[in-house]
Amino acid sequence: MVQQEVRKGPWTEQEDFKLVSFVGLFGDRRWDFIAKVSGLKVAGDSLNRTGKSCRLRWVNYLHPGLKRGKMTPQEERLVLELHSKWGNRWSRIARKLPGRTDNEIKNYWRTLMRKKAQDDKKRREAASPTPSSVDSSISSNNHAVDPHASKKAGEESFYDTGGHGNGMIIGSTQQQDQGHGQGFPMDDIWKDIDFSEEGCNFSCPQVPSPSWEYSSDPLWVMDEESLFCPMSEPYFSCYAQQGSVSLTG
DNA sequence: AAGTCAGACAACCGCAGCGTG
DNA sequence: ACACGCTGCGGTTGTCTGACT
Numbered sequence: 001m002v003q004q005e006v007r008k009g010p011w012t013e014q015e016d017f018k019l020v021s022f023v024g025l026f027g028d029r030r031w032d033f034i035a036k037v038s039g040l041k042v043a044g045d046s047l048n049r050t051g052k053s054c055r056l057r058w059v060n061y062l063h064p065g066l067k068r069g070k071m072t073p074q075e076e077r078l079v080l081e082l083h084s085k086w087g088n089r090w091s092r093i094a095r096k097l098p099g100r101t102d103n104e105i106k107n108y109w110r111t112l113m114r115k116k117a118q119d120d121k122k123r124r125e126a127a128s129p130t131p132s133s134v135d136s137s138i139s140s141n142n143h144a145v146d147p148h149a150s151k152k153a154g155e156e157s158f159y160d161t162g163g164h165g166n167g168m169i170i171g172s173t174q175q176q177d178q179g180h181g182q183g184f185p186m187d188d189i190w191k192d193i194d195f196s197e198e199g200c201n202f203s204c205p206q207v208p209s210p211s212w213e214y215s216s217d218p219l220w221v222m223d224e225e226s227l228f229c230p231m232s233e234p235y236f237s238c239y240a241q242q243g244s245v246s247l248t249g
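Each residue of the first sequence is one higher than the last, beginning at 1 in UniProt numbering.
Treat the hints as calculated values from the structure; they're not laboratory data.
Cut-off 16 Å, straight-line C-alpha distance, at most; resulting in silico cross-link-like pairs (EDC-like, lysine to aspartate or glutamate): (1) K115 x E76; (2) K36 x E15; (3) K106 x E76; (4) K106 x E81; (5) K52 x D32; (6) K116 x E76; (7) K67 x D102; (8) K52 x E15; (9) K70 x D102.
Just so we're clear, the structure is a prediction, and the values are computed from it rather than from any experiment.
Turn these sequences into a full structure, and let the hints steer you where they fit.
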C-alpha cells in the first residue's frame, strides 16, 4: 500500500473532531496507535497525522480541561516563582497550573523575556549610547536550564533568565480572564460532538478504555508537593458539560 | 485606509527517557 | 544486556491578529 502523505500544518475542524473521537475510543496515551488507526480510514476518512502531532494537538488544544486566555496575575507570579526554582522545566511548571500547558507557559515566558530584553536594551542605549555589545546579553547562547547556574548579573538569554532574579515584577496589568474575544473553536467542536451524538457517554465507551479516566489525568496530576486539585477546576466542570460524546456512530 | 510591528498562539523537530520483546 | 519503538519534553519557527503610526 502506498503510504499516504503525512499531513502537517494547521489542523482543520474535521481533524480535530476526528482526533477527539479517536481519543475517546482509545484514550489519550496511545498516540502512535491512534495515528495508525486513524490513517486507515476507520472513521470514514483518515487523519494522516503522526502520533506526535496528534498528541500535541490534543494536549495543547483539544484537551477539555484547558483554560486558555490570558494568564492571571497569580498564574504569572507562579510561573516566575517556579521558573526561578526549576528553570525551563515547562511541563513540570505546567503541572502546577491546572488548565495551562507547557507550550502555553513556554510561549508566555518567551514573550516576557523578549519584552524584557527589549526594555533592557532600550534602557542601556539610553544610558550609554555605545554601539555593539549592547545586546550581548540576549544574543548569545546562555541556554543553561539550571536556574542556579549561569546566571550572572545582567546576562541572561531572553529565553532563560531563571526567573525574577533581576527584580522583574510582573505586576501585569492584564487581568482579563480567558474568553478574550476569540470564539474558542473547541466549543464548537464539543458542541458538534454533543449534537451529533446525543445520549451516549463519551467518558465510558465500551471499549476497554485505557486512560480516559480524568480523575487521574496525567496532565495536571501533581507531583510532589502542594497538589492542586484538578477536579476542582474547569477541568471537571468542563467534562460535566462536554463529556457527552460518543463515537459509536 | 494602509502599512508596520509586536504579541499571542500553534505546530514541528530533535532528543532523551522508558518500557518491552 | 541490548535494540527498538513510543511517548514526552524542550527548543524553535511560522502564522495570525490586534494595536499603533
